[in-house]
Amino acid sequence: MIESYLPQASTFAGDIDWLFSMVFWIVGAWFLVCSGVFFWLVFKFRVPNGSQATAEYITGEEKSQKRWVTIPHLLVLFCDVFIIYGAVKVWYDVKQYLPPPDQEIQIIAQQWAWTFVHPGADQKFDTADDIHTVNELRLQEDAVYHYHLSSNDVMHDFSVPVFRLKQDAIPGRVITGWFTPTESGEFDIQCAEICGIGHGLMPARLVVEDAAAHTAWLAERSPVKLAAVTSPVVEN
Amino acid sequence: MAESIPTQPSDPHADDHHHEEQSFVSKYLLSTDHKVIGMQYMFTGMAMALIGGFMAYAFRMQLAFPGVEVPLWGVVTPANYTALVTNHGAIMIFWVAMPVLIAAFGNYLIPLMVGCDDMVFPKINRLSYQIFLLSAIVLISSYFVDGGGFGGAWTTYPPLSAKAEYNLTPMGASIFIGAVGLEFVAFLLGGINFITTAMNARAPGMKLYDIPMVIWMIVIASILFMVSVGPLLAGAIMLLFDQQLGTAFYDPNRGGDPVLWQHLFWFFGHPEVYVVLLPAIGITAEIITVFSRKKLFAYRTVLNTAIGTGVLSFCVWAHHQFISGIDPRMAHVFTLTTLLISIPIAEMMFVYIATLYGGAIRLATPMLWALAFIFEFLIGGVTGIFLGASGADIYLHDTYFVLAHFHYTFFPIAIIGTFAGVTYWFPKMFGKMMSDRLGKIHFWGTIIPFNFIFIPLFFLGAGGQHRRIYDFQNFPALAGEGMQDLRILATTSLLVMLGFQLVFFYNFITSLMKGKAAGKNPWKANTLEWTAESPPPHGNWKELPTVYRGPYEYSVPGREKDYWPQDEPN
Numbered sequence: 001m002i003e004s005y006l007p008q009a010s011t012f013a014g015d016i017d018w019l020f021s022m023v024f025w026i027v028g029a030w031f032l033v034c035s036g037v038f039f040w041l042v043f044k045f046r047v048p049n050g051s052q053a054t055a056e057y058i059t060g061e062e063k064s065q066k067r068w069v070t071i072p073h074l075l076v077l078f079c080d081v082f083i084i085y086g087a088v089k090v091w092y093d094v095k096q097y098l099p100p101p102d103q104e105i106q107i108i109a110q111q112w113a114w115t116f117v118h119p120g121a122d123q124k125f126d127t128a129d130d131i132h133t134v135n136e137l138r139l140q141e142d143a144v145y146h147y148h149l150s151s152n153d154v155m156h157d158f159s160v161p162v163f164r165l166k167q168d169a170i171p172g173r174v175i176t177g178w179f180t181p182t183e184s185g186e187f188d189i190q191c192a193e194i195c196g197i198g199h200g201l202m203p204a205r206l207v208v209e210d211a212a213a214h215t216a217w218l219a220e221r222s223p224v225k226l227a228a229v230t231s232p233v234v235e236n
Numbered sequence: 237m238a239e240s241i242p243t244q245p246s247d248p249h250a251d252d253h254h255h256e257e258q259s260f261v262s263k264y265l266l267s268t269d270h271k272v273i274g275m276q277y278m279f280t281g282m283a284m285a286l287i288g289g290f291m292a293y294a295f296r297m298q299l300a301f302p303g304v305e306v307p308l309w310g311v312v313t314p315a316n317y318t319a320l321v322t323n324h325g326a327i328m329i330f331w332v333a334m335p336v337l338i339a340a341f342g343n344y345l346i347p348l349m350v351g352c353d354d355m356v357f358p359k360i361n362r363l364s365y366q367i368f369l370l371s372a373i374v375l376i377s378s379y380f381v382d383g384g385g386f387g388g389a390w391t392t393y394p395p396l397s398a399k400a401e402y403n404l405t406p407m408g409a410s411i412f413i414g415a416v417g418l419e420f421v422a423f424l425l426g427g428i429n430f431i432t433t434a435m436n437a438r439a440p441g442m443k444l445y446d447i448p449m450v451i452w453m454i455v456i457a458s459i460l461f462m463v464s465v466g467p468l469l470a471g472a473i474m475l476l477f478d479q480q481l482g483t484a485f486y487d488p489n490r491g492g493d494p495v496l497w498q499h500l501f502w503f504f505g506h507p508e509v510y511v512v513l514l515p516a517i518g519i520t521a522e523i524i525t526v527f528s529r530k531k532l533f534a535y536r537t538v539l540n541t542a543i544g545t546g547v548l549s550f551c552v553w554a555h556h557q558f559i560s561g562i563d564p565r566m567a568h569v570f571t572l573t574t575l576l577i578s579i580p581i582a583e584m585m586f587v588y589i590a591t592l593y594g595g596a597i598r599l600a601t602p603m604l605w606a607l608a609f610i611f612e613f614l615i616g617g618v619t620g621i622f623l624g625a626s627g628a629d630i631y632l633h634d635t636y637f638v639l640a641h642f643h644y645t646f647f648p649i650a651i652i653g654t655f656a657g658v659t660y661w662f663p664k665m666f667g668k669m670m671s672d673r674l675g676k677i678h679f680w681g682t683i684i685p686f687n688f689i690f691i692p693l694f695f696l697g698a699g700g701q702h703r704r705i706y707d708f709q710n711f712p713a714l715a716g717e718g719m720q721d722l723r724i725l726a727t728t729s730l731l732v733m734l735g736f737q738l739v740f741f742y743n744f745i746t747s748l749m750k751g752k753a754a755g756k757n758p759w760k761a762n763t764l765e766w767t768a769e770s771p772p773p774h775g776n777w778k779e780l781p782t783v784y785r786g787p788y789e790y791s792v793p794g795r796e797k798d799y800w801p802q803d804e805p806n
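Chains as they are written, first to last, in my numbering: chain L, 1 to 236; chain V, 237 to 806.
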């Protein structure tokens with residue numbers, strides 16, 4: 001259903017879409033049955049205004065009558081079990097379980113920009129070869145990423161609709177999560193938590209590329225290499 | 237305010253019974269009569285609904301036609317936009333749904349439906365309205381101070397709401413918190429009255445299971461409100477201190493925790509949904525029984541499900557925080573409790589649908605509204621399941637899907653429920669009948685556009701459109717023509733719906749002036765308010781009624797009439 005609007009560009013996008021579709025069919029069926037019965041009753045038992053027609057006297061307190069609500073009621077409970085199972089399973093895979101990473105990135109939100117930090121060749125953050133980008137995130141296709149999300153000022157939310165991923169950024173905390181991009185292309189990153197008057201002006205671009213292109217980009221953007229070109233002394 | 241101390245403790249409103257010489261001011265502005273206070277709440281709520289509706293008009297115009305000069309507002313700047321959505325939400329919940337559904341109907345109906353002459357604390361009741369009116373004025377004043385109205389969403393998450401350097405509204409944010417705080421005080425005072433009156437001032441013979449459902453619902457709603465509001469009021473005071481005194485309850489750089497606010501807010505915020513839902517459910521129960529001439533199906537079950545919903549509503553708050561950085565394991569617990577709430581609510585819907593079976597259904601205007609409530613709320617209910625399922629919420633959180641979902645709950649509650657109640661009790665309130673023809677035009681002119689506003693928003697949300705964004709043209713995936721067409725459809729439908737409200741006001745005013753006289757009991761209903769004059773005089777009855785049976789004895793076999801008023805001995 002959602003996939004008809006947006007590509008599924010992460011490993012778990014399909015799972016979330018599956019859960020959405022499952023809930024859709026279950027509650028859709030309930031909605032159709034309930035509203036069908038509802039309209040049928042209204043049309044069957046309607047009488048003109050001012051009519052002398054009388055109604056039946058039904059208390060609804062007897063067992064034979066109560067059945068009409070207790071049986072549907074048990075069926076609702078039965079459906080809830082499936083939905084809860086699906087929700088818990090998908091949630092566990094996306095938010096609770098953390099697969100071992102191939103790459104790590106830092107995401108720093110602020111009013112009103114995104115900063116993305118790649119650790120560079122040494123795979124360590126806060127070193128001279130870190131690569132900083134603003135409002136553009138470049139990722140390698142099919143690599144498992146761990147993100148470390150933080151905020152410099154207020155609440156933000158890192159949301160990538162094509163990944164089906166969303167996570168609030170909270171000042172004072174670093175929140176770690178994961179995703180694996182599966183489709184190359186250019187996509188939207190949005191801020192999903194109101195963060196002041198610039199909230200609507202906080203888009204970023206996501207570029208997913210294959211391993212070769214990404215390695216080339218990393219090498220080209222490496223500040224160590226840039227520094228080496230401009231100055232013979234590299235400070236570490 | 238000195239008057240709020242009773243001068244004659246033995247009979248706090250003995251003086252109220254000598255009212256023939258009252259001036260306009262003391263009769264309508266300083267009245268302690270529950271009916272006048274109920275109307276004050278209703279008209280204030282309606283006026284605030286117009287303001288909240290106007291705000292929706294202004295920001296929907298910006299979304300459909302970005303950058304357009306909106307008639308009566310002008311160009312909507314980003315600061316305007318955030319302030320408009322913030323205040324639209326706060327007004328519609330705190331200054332429309334609550335005053336109309338709980339305070340207006342609660343005040344008007346409780347003494348009349350339980351058979352007493354007034355609220356047990358009439359002066360506290362008057363104080364409650366006065367504080368409420370003050371809170372509304374304070375809120376609106378925030379638009380005229382330096383920096384303008386607060387624009388950090390009605391949820392006021394810190395640090396955005398806590399620091400002027402982040403929200404850019406140094407005064408507006410504090411005035412907003414102050415107004416909400418005052419409003420809570422007003423409803424605490426009102427709640428004391430509603431619960432005490434309904435429980436202690438019942439007519440002789442009225443047992444607990446003889447109380448009309450709408451009164452039970454208002455009582456349960458008041459209990460939910462009073463139990464849940466304490467933590468938030470404390471939280472709001474801490475937030476005010478953070479804003480004005482530089483404390484750091486929510487500042488992570490100085491030992492505070494911004495997520496604490498979210499817990500306090502939603503611990504109140506989720507029961508709040510049921511605080512306004514239950515009275516609307518109660519109004520629906522009164523109307524569908526009268527207009528289908530049926531006994532309410534399984535009265536005790538309805539009552540039990542309402543209590544069950546109320547208790548469960550305290551255990552679900554963190555589903556608003558699935559992706560806010562709480563321990564991911566907590567999501568499982570809150571998914572479970574959230575989906576469990578579908579059980580009492582579904583049961584309630586089934587009971588209402590079952591009540592229609594075997595009825596003699598008359599589709600008068602109040603009945604149309606009551607039936608629309610059931611149908612539209614059903615959509616609101618089932619779409620909530622998507623959001624309660626934590627895994628799906630990762631994607632849907634903070635999108636227009638959420639927005640469409642809660643408008644499908646709040647609109648039936650606050651607007652459909654109110655119109656149902658107003659069209660049903662109008663003959664009692666004013667002694668005149670409303671035009672049924674105009675009522676039906678207004679009904680269809682509201683219901684059809686309502687669906688055309690919010691169904692497109694479900695699609696936009698499923699397509700990944702986030703809330704509270706001022707202009708979607710900055711997001712290539714959302715700027716396409718198909719998406720924009722849906723936004724234009726929603727905005728156009730809103731304009732149509734707002735236009736049709738003129739029919740309601742025209743009907744209201746012309747019916748007041750030259751409507752057909754209603755008589756005591758135009759709908760042939762059983763409950764006690766229909767045994768009083770229309771409109772009921774101060775004191776309601778010359779002689780207070782005695783109750784002999786439950787409120788829903790319609791079409792009892794072997795009786796000549798198809799209704800059996802609660803106060804008729806046999």
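Since the hints were made in silico from the structure, they are not lab data.
Treat the hints with care, as some may be off.
In silico DSS-like pairs for lysine-lysine, Cα to Cα no more than 30 Å straight-line [what the hints assert, rightly or not]:
1. K676(V) x K44(L)
2. K63(L) x K443(V)
3. K676(V) x K66(L)
4. K750(V) x K760(V)
Calculated Cβ distances over 12 Å to all of chain V for the following chain L residues [to be verified]:
5. D17
6. S21
7. E61
8. D188
9. A211
Ideal Cβ positions, reconstructed from N, Cα and C, are used throughout, including at glycine.
Verification of the supplied hints:
1. K676(V) x K44(L): holds (21 Å)
2. K63(L) x K443(V): Status holds; Cα separation ~24 Å.
3. K676(V) x K66(L): Status violated; Cα separation ~34 Å.
4. K750(V) x K760(V): It holds: about 22 Å lies between the C-alpha atoms, which stays within 30 Å.
5. D17: violated (8 Å)
6. S21: violated (10 Å)
7. E61: violated (6 Å)
8. D188: About 4 Å separates D188(L) from the closest Cβ of chain V, which leaves it inside 12 Å; violated.
9. A211: holds (25 Å)
In this structure, the earlier hints numbered 3, 5, 6, 7, 8 are contradicted, and the remaining ones agree with it.
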